[in-house]
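Once you have looked at the hints, place chain B on chain A.
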Amino acid sequence: MDLIQLTSRREFLMHAAAGAVAAGVITHEAVAAATQPERKHHWGMVIDTRRCVGCEACVIACKIENQTPPGVYYTIVTKEPLPGARNDRPVFMTKPCFHCDEPPCVPVCPVNATYKRKTDGIVVVDYDRCIGCRYCVAACPYGARYFDFGDEYELASESGESVSPEYRQYRARVPGGSPVGNVRKCSFCLHLQDENGEYDREAGRWPACAKTCPGHAIHFGDLDDPESEVSIILRERNAIRLKEELGTQPSVFYLF
Amino acid sequence: MTLKRVFWTAGVLGLVPFGWALYIRFFTHPDASNLGSVVPWGLHVAQYIYFVGLSAGSFLISSLVYVFGMKRFEPIGRLAVFTAIVTLLMALLAIGLDIGHLERFWHVFVFVNPTSPMAWMIWLYTIYLVILAVEFWYLMRRDMAIAARTPGWRGTVARILTVGSRDASDASLARDMRYVKIAATIGVPLAIMFHGGVGALFGVLASRPLWHTPLFPVIFIVSALASGGALLVTASAIFQEGWKVHREMIVDLGRLVLAFLLLDVLMQISEILIGLYGADPSYLASFALITGGPFWWVFWIVQLGFGVALPLLCLATPLRYDPRAVVVGCGSIVIAFIGVRLNIVLPGLSPEEIRGLTLAVTDPRVSSTYIPSAWEWTLSFGIVAVGLVIFGLGEIFLPLSRHLPHSAEQA
Chain A
10 MDLIQLTSRR EFLMHAAAGA VAAGVITHEA VAAATQPERK HHWGMVIDTR
60 RCVGCEACVI ACKIENQTPP GVYYTIVTKE PLPGARNDRP VFMTKPCFHC
110 DEPPCVPVCP VNATYKRKTD GIVVVDYDRC IGCRYCVAAC PYGARYFDFG
160 DEYELASESG ESVSPEYRQY RARVPGGSPV GNVRKCSFCL HLQDENGEYD
210 REAGRWPACA KTCPGHAIHF GDLDDPESEV SIILRERNAI RLKEELGTQP
260 SVFYLF
Chain B
532 MTLKRVFWTA GVLGLVPFGW ALYIRFFTHP DASNLGSVVP WGLHVAQYIY
582 FVGLSAGSFL ISSLVYVFGM KRFEPIGRLA VFTAIVTLLM ALLAIGLDIG
632 HLERFWHVFV FVNPTSPMAW MIWLYTIYLV ILAVEFWYLM RRDMAIAART
682 PGWRGTVARI LTVGSRDASD ASLARDMRYV KIAATIGVPL AIMFHGGVGA
732 LFGVLASRPL WHTPLFPVIF IVSALASGGA LLVTASAIFQ EGWKVHREMI
782 VDLGRLVLAF LLLDVLMQIS EILIGLYGAD PSYLASFALI TGGPFWWVFW
832 IVQLGFGVAL PLLCLATPLR YDPRAVVVGC GSIVIAFIGV RLNIVLPGLS
882 PEEIRGLTLA VTDPRVSSTY IPSAWEWTLS FGIVAVGLVI FGLGEIFLPL
932 SRHLPHSAEQ A
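Those sequence lines, one after another, are chains A and B.
In terms of our numbering, the numbers along the first sequence are unbroken and rise by one, the last being 265.
In terms of our numbering, the numbers along the second sequence are unbroken and rise by one, the last being 942.
Bound conformation, chain A alone (with noise of 0.2 angstroms):
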């Protein structure tokens, strides 16, 4: 009984603290689980590398898509050798966002500009959130995030205002507004999406570099469905997928 009464306090602190901890866990697990749509797809890409000619067709096909200004790119083309390979001959790489399943640039984010889409996984910024601090940036590990320094091309003035559809925001280009000055990446052309969140191929709602691709070497879709063209090339064949150590899980795959 003494024994009791000794630890009762502390261990009634205890329990409460620990309850306290799990209720608030347990409110906003079904919190998040009442208002967060349900995944629906796993967007995502298999890029074969012997496919590749080099031509950076995507890289121009994504500029023009979304308008990117100087210094920024969705995606690009190395032409690396393979490292210990024997002979000089470049492996062509296409490199959009992976959109990783862990994604290192989301927890950084120190007001939650950037997260990752519940119902498709796609990696998005908040351009009316993000501060423009660049942590993001530096904790990418593959390069796909890009600074807008508010650079323009020399002749885009005499073009007129240029406008992004990213988003589905249309953002005008203008000094000092949104996005110049937040950081920005590549987000499979999700504009291109329709209001049920589906891609058409047929139609020509495509990611871009994809759908320019001349050698068919970018492969996009759905990785949750078995029937998949992604699906099938990842079952057939063996892909890789770059800096797996860090377990940031990418969504884009290569075949070499």
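Bear in mind the hints are in silico, worked out from the structure with no lab data behind them.
Do not rely on the hints blindly, as some may be mistaken.
[Unchecked claim] Taking lysine to aspartate or glutamate and the EDC-like style, the derived pairs with C-alpha atoms no more than 16 angstroms apart in a straight line are:
(1) LYS535/B x GLU772/B
(2) LYS252/A x ASP811/B
(3) LYS127/A x GLU254/A
(4) LYS88/A x GLU65/A
(5) LYS712/B x GLU605/B
(6) LYS252/A x GLU883/B
(7) LYS88/A x GLU883/B
(8) LYS49/A x ASP231/A
(9) LYS72/A x ASP894/B
(10) LYS49/A x GLU170/A
(11) LYS535/B x GLU926/B
(12) LYS125/A x GLU111/A
[Stated by the list, open to error] Covered, in the sense of this in silico footprint (three residues per stretch, anywhere, with C-beta under 8 angstroms from a C-beta of chain B), are these stretches of chain A:
(13) 106–113
(14) 129–143
This one's a predicted model, so the numbers in the text were calculated from it and none came from an experiment.
Where a beta carbon is used, it is the ideal one built from N, C-alpha and C, also for glycine.
Quick look at chain B alone, frame taken from chain A:
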């Protein structure tokens, strides 16, 4: 008073380039920096962690007086708290002008993300700044209350700053010091956490192997103590002629700085050895840049020469009993530490994340090379000048280094 004159000249002259840099920033090109998307942080981020370190360091040294009751450092106490405030303001100025949308800074308090080390750092130093202000006000209150009775502009300033508090009795002083002790005691863990947080901000990034080490938060705190202590010796030399007036305190502070400097060197060596044996290609690339890149001299001459060798000569040999040598050694540390900070930020970012990234496009914003633009240099010197001027004004209007004679009460 020659040191003081040099100080004021540098400060006032520096306001001109500061104004020019602000004009460029807000009225012409939105971003005149040479940063890019491979090296997204540069001179101003290095300057920011430099000043934040000086702030945390000088505050922690002041806590020796106000929390741990070490009376021999008393002469530097109020100056130390004021230094902590001014250097934190300089840090905020540097980082504020660096981010893309300064007008949205309040987002960090509204759109809360508890997984972001940067968010934690900002929340913690906001509280820290408030605590510093409270502590400093109570430290100065009684002297300001005495000064408030004097005629002229000094009295006017004092009357405004006391916010109506006129009690100059000894009882009120005792009460003030109680509040000071409470505030300073809360401040100590805050300073350790927020500056450890600055280190963690870099340390958590697995994408940047040079930074990704558990030692980083600890190194930041130790180097803050070394550089902050060194700055206080320098400040005492400039404003109190410390090498004449407070000889013993300067010698003692020198010993303290030496201890922190040696601990810092030990940790740096440990980190370099582990990093080299780990042999991550990106780490090796960063290390090669530090020791043999275009800015090799920052490491060998600034960091090792002015940051370690010269201070060791002044602080670890029998020269350490000469306060003038201590001032030289500490001044050298203060200047060399900007090199330490630059060599944390830039080489960590420079190695491309994906092989061939910087060759894939020909664009100055996608490059491993970063040399601060004229605008960035100008703004940096301007921020230093603003700090010097605030510091100098504080020295004029606030009795930082002496208590006002009690006889003023009868007058």
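To see whether the hints hold, each was checked on the structure:
Between the alpha carbons of LYS535/B and GLU772/B the distance comes to roughly 9 angstroms, so the proposed pair stays at or under 16 angstroms and holds. Of the supplied pair hints, the one linking LYS252/A and ASP811/B holds, its CA atoms being roughly 12 angstroms apart against a limit of 16 angstroms. For the suggested pair LYS127/A and GLU254/A, the alpha carbons sit about 24 angstroms apart, so the restraint of at most 16 angstroms is broken. Only pairs whose Cα atoms come within 16 angstroms are accepted, and LYS88/A paired with GLU65/A is accepted, the gap being roughly 11 angstroms.
A threshold of 16 angstroms between alpha carbons decides the hint, and for LYS712/B with GLU605/B the separation of about 14 angstroms falls inside it, so the pair holds. Distance restraint check for LYS252/A and GLU883/B: the Cα-Cα separation of roughly 14 angstroms lies within the 16 angstroms cut-off, and the hinted pair is therefore satisfied. Proximity of LYS88/A to GLU883/B is assessed by CA-CA distance (about 14 angstroms); at most 16 angstroms being required, the pair is judged to hold. Between LYS49/A and ASP231/A the CA atoms are separated by roughly 9 angstroms; this keeps the pair inside 16 angstroms, and the hint holds.
A threshold of 16 angstroms between alpha carbons decides the hint, and for LYS72/A with ASP894/B the separation of about 14 angstroms falls inside it, so the pair holds. Restraint check for LYS49/A and GLU170/A: the C-alpha separation of about 36 angstroms exceeds 16 angstroms, so the hint is violated. For the proposed pair LYS535/B and GLU926/B, the alpha carbon gap of about 11 angstroms is at most 16 angstroms, so the pair holds. About 9 angstroms separates the Cα atoms of LYS125/A and GLU111/A, which keeps this hinted pair within 16 angstroms; it holds.
Residues of the segment 106–113 of chain A lying with their CB closer than 8 angstroms to a CB of chain B number 1, which falls below the three-residue condition for coverage. Chain B is given as covering the segment 129–143 of chain A, and this holds because 6 residues of the stretch bring a CB closer than 8 angstroms to a CB of that chain, at least three being needed.
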